[in-house]
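Enquirer: Here are the chains, one letter per residue:
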Amino acid sequence: MSLEAFRLETRAWLEENCPPSMRTPMPDDERVWGGKTPEFKHPDSKLWFERMAARGWTAPTWPTQYGGGGLSSEEGAVLTEEMQRLECRPPLFSFGLYMLGPLLLDIGTEAQKAQYLPPIVRGEIWWCQGYSEPNAGSDLANLQTRAEDKGDHWLINGQKIWTSWAHRADWIFCLVRTDTSVKHAGISFILFDMKSPGVEVRPIKLISGASAFCETFFTDVKVPKAQMIGEVNGGWAIAKQLLAHERGMISQLGARGGQRMPPLEDLARRYAGDAAGKITDPSLRDMVAKQLISDRAFELTSKRAKVGGDAAAGVASMLKYYGTEQNKSKFELLMKLAGSDGLGWEGDAFDPLDLTLCRSWLRSKGNSIEGGTSEVQLNVIAKRVLGLPD
Amino acid sequence: MASLNQSDYELLRDTAGRFFDERSPVDALRALRDEANESGFDRAVWGEMIEMGWGGILIDERHGGIEFGYQAMGELQEQAGRRLVASPLLSTAAICAPLLAAGAKEARARYLAPLLEGNLIGALAIDEHRRHAPQRIATEATPDNGEFILSGQKIFVVDGHIADLILVLAKVGANGMGLFAVEPGFAGVMRTRAKTVDGHSVAEIVFNDVVVPDSHCLSADTQCRVMLERALDGARALLSAEMLGIAQEAFDRTIEYLQVREQFDAPLGSFQALKHRAAQMFCEIELARSAVFGALKALDENDPVAPELCSVAKAKSCEMLELVSNEALQMHGGIGMTDASDIGLFMKRARVAQQLFGDASFHRDRFATLIGL
Chain A
90 MSLEAFRLET RAWLEENCPP SMRTPMPDDE RVWGGKTPEF KHPDSKLWFE RMAARGWTAP
150 TWPTQYGGGG LSSEEGAVLT EEMQRLECRP PLFSFGLYML GPLLLDIGTE AQKAQYLPPI
210 VRGEIWWCQG YSEPNAGSDL ANLQTRAEDK GDHWLINGQK IWTSWAHRAD WIFCLVRTDT
270 SVKHAGISFI LFDMKSPGVE VRPIKLISGA SAFCETFFTD VKVPKAQMIG EVNGGWAIAK
330 QLLAHERGMI SQLGARGGQR MPPLEDLARR YAGDAAGKIT DPSLRDMVAK QLISDRAFEL
390 TSKRAKVGGD AAAGVASMLK YYGTEQNKSK FELLMKLAGS DGLGWEGDAF DPLDLTLCRS
450 WLRSKGNSIE GGTSEVQLNV IAKRVLGLPD
Chain B
38 MASLNQSDYE LLRDTAGRFF DERSPVDALR ALRDEANESG FDRAVWGEMI EMGWGGILID
98 ERHGGIEFGY QAMGELQEQA GRRLVASPLL STAAICAPLL AAGAKEARAR YLAPLLEGNL
158 IGALAIDEHR RHAPQRIATE ATPDNGEFIL SGQKIFVVDG HIADLILVLA KVGANGMGLF
218 AVEPGFAGVM RTRAKTVDGH SVAEIVFNDV VVPDSHCLSA DTQCRVMLER ALDGARALLS
278 AEMLGIAQEA FDRTIEYLQV REQFDAPLGS FQALKHRAAQ MFCEIELARS AVFGALKALD
338 ENDPVAPELC SVAKAKSCEM LELVSNEALQ MHGGIGMTDA SDIGLFMKRA RVAQQLFGDA
398 SFHRDRFATL IGL
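These protein sequence lines map, in sequence, to chains A and B. Letter 78 of the first sequence, counting from 1, is numbered 167 in my numbering, and no numbers are missing. Letter 31 of the second sequence, counting from 1, is numbered 68 in my numbering, and no numbers are missing.
Please note that the accuracy of each hint is not assured.
[To be verified] Straight-line alpha carbon distances no greater than 27 Å define the calculated BS3-like cross-link-like pairs of lysine-lysine that follow: (1) A:K379 x B:K334; (2) A:K379 x B:K142; (3) A:K379 x A:K392; (4) A:K395 x B:K334.
If you are wondering where the hints come from, they were derived from the structure by calculation, not from laboratory data.
Whole structure, please, built from the sequences with the hints as guidance.
Expert: Below, the structure is given as structure tokens:
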């Protein structure tokens, strides 16, 4: 089928199958994360999720043998564009989809792919990732969580922090230290069940009031040998690859579709527009235009990176750096536009949208910290792309 | 339009890069400036560009062009930008040729072929104020018995000092506008060459009751605005492509300098304060590149979002190039302040390109208007 025919067919299918309620901005608590005990706060989100999962379109470009949609990357891009055009919400949020799955497709054994991939497509397992530790943030390779070889199993001891959704997740993919005598070359990548004895999770309350991140403690957690991915002590290469996926994911936070908030131009009209929707304050109007122009240029850059198929570390770092800084500046601009309406914390005195704005503004501050800070991304670009010396 | 694929564009890029390296490197601009060259560009080099068909890249085949389109022209402009090439590529090939092709038959028949053959340099006379404001013009063309009487004054006319043909934008009646093909020899045309900071030249042109025959009117109806906007958008996107080349070259030279220049027993590029600024420039250049490619593609495809994207491209390129040209100079240290270093030449051309056809704030305002804000 030609790409154009695929586009028309996809558009028709989405129009037919994506409920109108799933084409609206999405409050955080209406996200579908799947898992063993899935929650569908919005009733239509279950229908929408099931329809997409049935076609494998929760993972559109994964091979059909693992439950994916089997689309080419060009077809996948068309599907994304058509979903954005209709402002469809993503049917499923999952670190399994964004991070673990692509990694397993790349380096997993056949048995690992067959075991872990189909449940990710069907949203049956909620995965979380265990990278950062109290003393391993930007210096991630300094991680100390130990995995000791006990013959028939690994024994895990240590602590992770900023583990997103660990209090809800079913399984974790985790970086652990298997050799203490070397730094980068002593790290391995392992998967295990969060219900294993010895796993303890404590949510962390953030400035936004939300608690999506946790501290996670491992005390003598036993993990079967088969659950290590890649070679023992080969985890750092995997970590770098995964970070590139994560950066790609975070950089697209500002993209259309399934957003918490309506697009900037609509909000600008709402907060600062006259009856005809024109922004009369020339300074605010200029700031909005500047932001939107950079947003457009960023969208075009993301597309160009995909067309070029260039997932090189430098490009991922550029998208992560620029996308998150753009997202932060967008929320700062929205706060200026909203004035006192943007400063509400809770209660009926504020419109729910205004309350969401305030919380989202606070949450956006983490964008340039999580997944490698902006400063780390700039280091990566300087080294890998520009070849500047250490 | 001729159907070009990615490898065609790459071929054109390589061809243009090699040609300019050989025939018009940065030293050539320096020489033109220092010898106070009469044209401000090398006519022999322009002749060779014409022979390669570059004058007619935007012109369809039935009008004598090669119809490669805006993306192809963008490749040339970017390569020209890298070497600070002074040539009539923008004024003549990118602006006047498409205006003539879109204009009324008589003027087209008279001027387009000689222009494509390299026998005519063209210039668009539009600006009257120090900041680009194409909607705010006082020059007037008064219809008078099958003729127009043209009066007014234009400034910052690129290549206007040497043009054989001047396309003049003028008011017609209360709300209309028209484009007129005026030869510098017409009675009442007075032009003054003005050398600009970038080593190029522009002209200030006075039109004093110039009699312009009807046959020299490209358009004086509602279509005129459409024609003009399209030509200006093309010029903006192509100028942005040139700016991309200017920035990329200044940036590459700066990165090289950071790698070789040592202070405190270490290469400058090993200091994080400079690394981060270099990485930020890289990002800004890539964003501008995407915007320029997007605008050129939209022009080729007659996409209705083309005007928006052309403003995105010009606004983004202006912001990016101001940053990159300033940082390039700063990172070259004292050397960057000397005339012997090329870095200053890149900054000088950058500022002229930023002003031409609207700077960042002009295009932010235009973009906001286009999307209804």
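Enquirer: Now, for every hint given, state plainly whether the structure supports it.
Expert: Each hint, compared with the structure:
1. Taking the CA atoms of K379 of chain A and K334 of chain B, the gap is near 22 Å; set against the 27 Å cutoff, the hint holds.
2. With a CA separation close to 41 Å, the supplied pair K379 of chain A and K142 of chain B exceeds the 27 Å bound.
3. Using a Cα cut-off of 27 Å, the hinted pair K379 of chain A and K392 of chain A holds, with the two alpha carbons roughly 20 Å apart.
4. Proximity of K395 of chain A to K334 of chain B is assessed by CA-CA distance (about 17 Å); at most 27 Å being required, the pair is judged to hold.
The structure is inconsistent with hint 2 alone, although it conforms to all the rest.
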